[in-house]
Amino acid sequence: MNTLALRGARLIDPESGLDERGDLLIQDGKIAALGKHIFDTGLSDDIQTIDADGLILAPGLIDMRVVTGEPGAEHKETLASAGLAAAAGGVTSMVVMPQTNPVIDDISLVNYIRQRGHETSPVRVYSAGALTKGLKSQRMTELGLMAQAGAVMFSNGENPITDTRLMRRIMAYSSTFNALIAHRAIDPYLTEGACAHESDFSSRLGLSAAPALSERIMAERDLALVELTGARYLLDLVSSEDTLPAIQRAKARDLDVSASVSINHLALNELDIGDYRSFAKLDPPLRAESDRTALLRAVNDGTIDVIVSAHDPRPAGEKRRPFSEASSGAVGLELLLSAGLTLIADGQLDLTAFLRAVTCNPADLLGLEQGRLRIGAPADIVLIDQHKPWMCDVGKLRSISRNTPFDERHMQGKTAMTICNGKIVFDSAVN
Amino acid sequence: MPNARGLAGFNPRHLLSIADLNRLDIEMLLELGETYLDLSVQKDSKNSVLAGKTLINLFFENSTRTEKSFELAGRRLGADVINMAIAQSSVAKGETLLDTAATLNAMNPDLLVIRHGASGAPALLAQKVSCAVINAGDGMHEHPTQALLDALCLRQAVQEDGGQLDGLRIAICGDILHSRVARSNVQLLNILGCEVRLIGPPTLLPADADRWGVDVFHDMKTGLEGCDAIMMLRLQLERMGGTFIPSKREYFHFYGLDRAKLAYAKPDALVMHPGPMNRGVEISSDIADDPDISLITKQVEAGVAMRMAILHALSLRGDRA
Numbered sequence: 020m021n022t023l024a025l026r027g028a029r030l031i032d033p034e035s036g037l038d039e040r041g042d043l044l045i046q047d048g049k050i051a052a053l054g055k056h057i058f059d060t061g062l063s064d065d066i067q068t069i070d071a072d073g074l075i076l077a078p079g080l081i082d083m084r085v086v087t088g089e090p091g092a093e094h095k096e097t098l099a100s101a102g103l104a105a106a107a108g109g110v111t112s113m114v115v116m117p118q119t120n121p122v123i124d125d126i127s128l129v130n131y132i133r134q135r136g137h138e139t140s141p142v143r144v145y146s147a148g149a150l151t152k153g154l155k156s157q158r159m160t161e162l163g164l165m166a167q168a169g170a171v172m173f174s175n176g177e178n179p180i181t182d183t184r185l186m187r188r189i190m191a192y193s194s195t196f197n198a199l200i201a202h203r204a205i206d207p208y209l210t211e212g213a214c215a216h217e218s219d220f221s222s223r224l225g226l227s228a229a230p231a232l233s234e235r236i237m238a239e240r241d242l243a244l245v246e247l248t249g250a251r252y253l254l255d256l257v258s259s260e261d262t263l264p265a266i267q268r269a270k271a272r273d274l275d276v277s278a279s280v281s282i283n284h285l286a287l288n289e290l291d292i293g294d295y296r297s298f299a300k301l302d303p304p305l306r307a308e309s310d311r312t313a314l315l316r317a318v319n320d321g322t323i324d325v326i327v328s329a330h331d332p333r334p335a336g337e338k339r340r341p342f343s344e345a346s347s348g349a350v351g352l353e354l355l356l357s358a359g360l361t362l363i364a365d366g367q368l369d370l371t372a373f374l375r376a377v378t379c380n381p382a383d384l385l386g387l388e389q390g391r392l393r394i395g396a397p398a399d400i401v402l403i404d405q406h407k408p409w410m411c412d413v414g415k416l417r418s419i420s421r422n423t424p425f426d427e428r429h430m431q432g433k434t435a436m437t438i439c440n441g442k443i444v445f446d447s448a449v450n
Numbered sequence: 377m378p379n380a381r382g383l384a385g386f387n388p389r390h391l392l393s394i395a396d397l398n399r400l401d402i403e404m405l406l407e408l409g410e411t412y413l414d415l416s417v418q419k420d421s422k423n424s425v426l427a428g429k430t431l432i433n434l435f436f437e438n439s440t441r442t443e444k445s446f447e448l449a450g451r452r453l454g455a456d457v458i459n460m461a462i463a464q465s466s467v468a469k470g471e472t473l474l475d476t477a478a479t480l481n482a483m484n485p486d487l488l489v490i491r492h493g494a495s496g497a498p499a500l501l502a503q504k505v506s507c508a509v510i511n512a513g514d515g516m517h518e519h520p521t522q523a524l525l526d527a528l529c530l531r532q533a534v535q536e537d538g539g540q541l542d543g544l545r546i547a548i549c550g551d552i553l554h555s556r557v558a559r560s561n562v563q564l565l566n567i568l569g570c571e572v573r574l575i576g577p578p579t580l581l582p583a584d585a586d587r588w589g590v591d592v593f594h595d596m597k598t599g600l601e602g603c604d605a606i607m608m609l610r611l612q613l614e615r616m617g618g619t620f621i622p623s624k625r626e627y628f629h630f631y632g633l634d635r636a637k638l639a640y641a642k643p644d645a646l647v648m649h650p651g652p653m654n655r656g657v658e659i660s661s662d663i664a665d666d667p668d669i670s671l672i673t674k675q676v677e678a679g680v681a682m683r684m685a686i687l688h689a690l691s692l693r694g695d696r697a
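Chains A and B, in that order, are what the protein sequence lines are.
To convert, take the position in the first sequence, counting from 1, and add 19; that gives this note's numbering.
To convert, take the position in the second sequence, counting from 1, and add 376; that gives this note's numbering.
Chain B on its own, in the form it takes in the complex:
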C-alpha cells in the first residue's frame, strides 16, 4: 500500500471542480498518482484501501474510457463497484436527479462518481448525498479528473527535465467552447505555473476567454509557436446547435493537427488528446499513432492511476469526517 501519510493535509470532501483544489492538494494527488502508475502497486491484491467501501458510477452520459477507468481504479483498490448507466432519455430534470440522489443516499455509498450532461449537476448532487462526489464530466463545465490525469501524464513525459510543469507553454486547441476538459485544464495548468494558450476559430472559443489567464489565438501558426505540449480537443458535433464551422474539411485545413502545423511548435513537442478522437478532423492519424510524439495511449494508462489516487485521497478524507 502506497504511503498515504502525505495526504493528511488533503481537505476537499468532493472533487467537483479544479477550483476545489489548492496547489498543495494537487501536488499530493499527483504524487500519489505517480506511485499508482507502477503496475505492481496498482495490481497488488493486498492493496485494499477501499475494502468494504462502495463506489457508485452514475453515468447519465455515455462513456467508455472514463467509466471503465473509474471502475478499474475502484476494483484495484478493493471497493465494491456498482455501475449505473442511466439512459440519456430519462435524464435532465432537476427533480429526477434529486430523486436519484435520495435513492442512492439510502444505499450509503462512500464514493459517488457522476457524469451528467448538465453543467452543475454534480454540485447539486453533492448537496444532497452524504458521501464524496467526484465529477466525471458535467456538460460544458468541468472534467477535473481528466485534467489531473493529463498533468500526471505530462509530468511523466518531462521527468528527465525534472518532472515539473512550471513555465511550460501548453496550447489547448480546437473546440474549446464545448469542452469541459479545456475548462478544467486551463485552471489546473494555470495553478501549476504553465503558460496556457487557447487556439481555435472564434466561433469555438468562449466569449471573453482572454480573461481566463490565457492567451487566445485564432491561427495555429502563431498559436503553436514555442509550445512544449499541444492538447487537441474533440470537435463536439453532438453539442453543436447550428453551424459553428463550415465543414470538417475546412476545420482540418486550418485547425487539424498535421505534421505541417506540428512543426510550428517546439521540435520535441508532445501531443495529447482526451479522446475519443475524430481522426482527420482535429488530428491526423500519423500523429495520433506516433509513439514518439503522442501521449494519447499514456493518457489512458495515467487515467487509472490518477483515479486510484483521487479515490484513495477522498476516501481517507471521508474517514476523517
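Isolated chain A, as found in the complex:
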C-alpha cells in the first residue's frame, strides 16, 4: 500500500471552510484521513512521513487556462515541460487550450492530449475542445462526441465568435450536454490592430489601443444569449472593471455564468508596460490600476470565480521585438501561486477567496473530484511556505519559454511540495 503522512500543517480546505492545524493521510492516491487527532494512536514506522510544520496544506491548484505547444510547436512548450512548471507552481491539474497545431477540434486530438499528458506530465492534463472547426468561427465542432471523449470544457482560444447566430446555436446545442462554454469577450472591430489599453498612458506612448468596453460589448451579447439558450458559460479572462456589473447582473438572475481572470491582471497594470516592455504585452492588455483593484475586489466578493495563469509560452524571438510587433502572452504556471500569495501578503487579496478560485471553483466548473480536502478525494495536495521571500529569476523557470513580466520581481510565498495522485511531484528541498 502506497501511504504518505503529512504532519503538523495548517489544513485549509476552501470548499468546506476548514482552516486548522492537523495531519493528513494519503493512501493509494486518495485522501484517507485528515484532521487534528488522526495519528493520536501512533503511526507505524514504515509509513513515509513529511513534517509540514508551519506550512499551509491545501488542495493542489487547478489551472483552467494553459496554452502549450504540443502538438505543433514543441519548441515553445511541451506537455512534459508545462507539467514540470505546473508541479513547481503547486498546480496539479491543468486544462490545455485548443489552440494547438492541429487544433483540438476532434475526438482524436482530445484522446491524444489525454494520452500524452498521462505519459509525459507529472500533473494531470485535461483538454478543452475547440468550439469551432480550426477555431475559424464558422462551423460548430463535435461538442457532444468530444465531451464524451473527455474534453472538460470548450473554448475558441483567443478568437471571439462574432457570428451571433452561430454563437446562439453553439450555446443551445451545448446545453444538452451541459458543456462549459468558455469565450473570450472581444469586439474584434474595436480591437483590430490594437496592442494596448486605450488610455492617457498608451496614447503618450503612441501605441494603438482599444477601449476596455470592447470587452463589455461582447460580454453583454454573450450574457443575453445565455439567457436565451440556458448555456453554461464562462467569461474567459475578464480584464475590465466595466465588464463586472454585467457578470453581477447575470448571476443575480440565476444564469449559469462564471468568470475567470488571469493572475497577471490581478498583479500588474498598464504602467508595467513602461518602456515598451514587450514581456508585459498581454491579451487582453494590462489595464488601468482602477481595473486591477476592481478585479481584486471581484475575486474577493465572488463575482469572479476562477483565477488562471493564462500560461502562454512564447520564444524570446517573438517577444524581443518592438512593442506593437511582439506577440502577446506570458508563462504563468510556475508563478500563479506565488503571485497570488504576494497579493495576499500585501493585503490586496483574501487567502480563502484566492484558494477557492484556484481549487474548488474550477473543480466544480469542470466536474472534477479533486480540488478539495475530503476523505476519498484524489490526493492532489500542495504544501505552501506562505511567507517565504524570494525573487523571480527567469533563468530558473522550468518552462521551455520563459516570457514573464515578473522577472526580478520580489515575491512572498512559494510552493514547498506538490503531491499529485498521492505521489510527490515537486519538493523544494530537492528540486
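These aren't lab readings, by the way, just hints derived from the structure by calculation.
One thing to keep in mind: the hints can contain errors.
As the list claims (entries may be wrong) - Far from chain A, by Cβ distances over 10 Å, these chain B residues were calculated:
{"hint": "1", "residue": "420"}
{"hint": "2", "residue": "444"}
{"hint": "3", "residue": "479"}
{"hint": "4", "residue": "532"}
{"hint": "5", "residue": "539"}
Unchecked claim - Keeping only pairs whose Cα atoms sit at most 27 Å apart, straight-line, the calculated DSS-like set for lysine-lysine is:
{"hint": "6", "chain 1": "A", "residue 1": "407", "chain 2": "A", "residue 2": "433"}
{"hint": "7", "chain 1": "B", "residue 1": "597", "chain 2": "B", "residue 2": "642"}
{"hint": "8", "chain 1": "B", "residue 1": "624", "chain 2": "A", "residue 2": "152"}
{"hint": "9", "chain 1": "B", "residue 1": "504", "chain 2": "B", "residue 2": "444"}
{"hint": "10", "chain 1": "A", "residue 1": "407", "chain 2": "A", "residue 2": "55"}
{"hint": "11", "chain 1": "B", "residue 1": "624", "chain 2": "A", "residue 2": "155"}
Don't be surprised by glycine CBs; every beta carbon is placed ideally from N, CA and C.
Following the hints, position chain B against chain A.
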C-alpha cells in the same frame, strides 16, 4: 364504391392545415381511408367518384412519393389528373403565385393539390381559386395529408388492440424545426388523444415548442422511454442555413435511431419515417428495413388510400357547395 354517407357532416372546403379539421372530420376521413386500404376497392374500375372531375397537381417543390401518390389516388377515383411541376427557380414571388392561380382557375379544376416552399402559399392560393385546395406541404408549416396517412397507418398497426390511438405515447424525433410533417402530426395526434413527445437537439427544436401540448426532450434515452411509436424525421439539410449540428456522425451518435436507442422505447414499439430517409444519419438501415418494426413501406401504401379518401370527401363537399 365505398359508403360515403358518413361524410354528410364533413364540412371543410379545403385541407390546408390539420386545424381545418375537427375530431369528427378526422374520424370520417380515417374510416373512409380504411375502406380504401382494400386494394380491391381501390382498384375497382367502376369506382368513379371523381369521374369527369379535374385534379391539378401543382408542385413548386420536387416530390416523388407525394405527387405520385396524389396522381394515383386521383386516377383510381376516375379523375382527369394534370401534373404541373414548376421549376424551383421560377417560384417564390407572391404575385407569380397569384398569376398562376388565376390561370389555373380559368381551367375550372375541381381539386387543386399544391406543394410550395413558402409557408402559407396554399392558403393564399385558396383565397383566389374556386375549387378545393389541398396542401401537399408548404415550407416549414404543414403537411396535413402526411399526418392523416400516418394516423391511418398507426391505426392499422394497432388494430388488434382496438385500432384507437387514444393514450398512445408517440415520439417525434429529429429535425422538428424544419419539419412540416411534425407540425401537422403534433396537432393531429393531440386531437386523437395521443401523448406526444418531441426529441431533438435544442438547435433543431422550435422556440417554445413546449407550448405545443407536447413534452420536449433533448436526449433519446429519456425521451423514448415507454413510447409506443417513434416517428423519425429527415434531417432537412437543404433547409438549413449555417450549422445546426456539428456533423452527421455526431447527429447519428446522439439522435440516430439504432437498436440501442430503440431499446429505450416499449419492446414492441413501431417505427415510422415520412421519407425520404437519410440512412445512417437519422435511422439505421437494419431498423428501416425490419418489417416487424418499421411501418415505412406501409406508410406509402396508406398514402394512396388516405389521399383517395381526402379527394373523395372534398369532392363531395364541393358538390354540395
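Structure-based check of all given hints:
1. 420: Fine: 52 Å to the nearest Cβ keeps residue 420 of chain B off the interface.
2. 444: Per Cβ check, residue 444 of chain B is outside 10 Å of chain A; nearest 36 Å; holds.
3. 479: holds (39 Å)
4. 532: Consistent with the label, residue 532 of chain B stays out of reach of chain A, its closest Cβ about 35 Å off (over 10 Å).
5. 539: About 37 Å separates residue 539 of chain B from the closest Cβ of chain A, which puts it past 10 Å; holds.
6. A:407 x A:433: The hint holds at about 6 Å.
7. B:597 x B:642: holds (12 Å)
8. B:624 x A:152: Distance ~15 Å between residue 624 of chain B and residue 152 of chain A Cα, so the pair holds.
9. B:504 x B:444: holds (25 Å)
10. A:407 x A:55: Holds, at roughly 25 Å.
11. B:624 x A:155: holds (20 Å)
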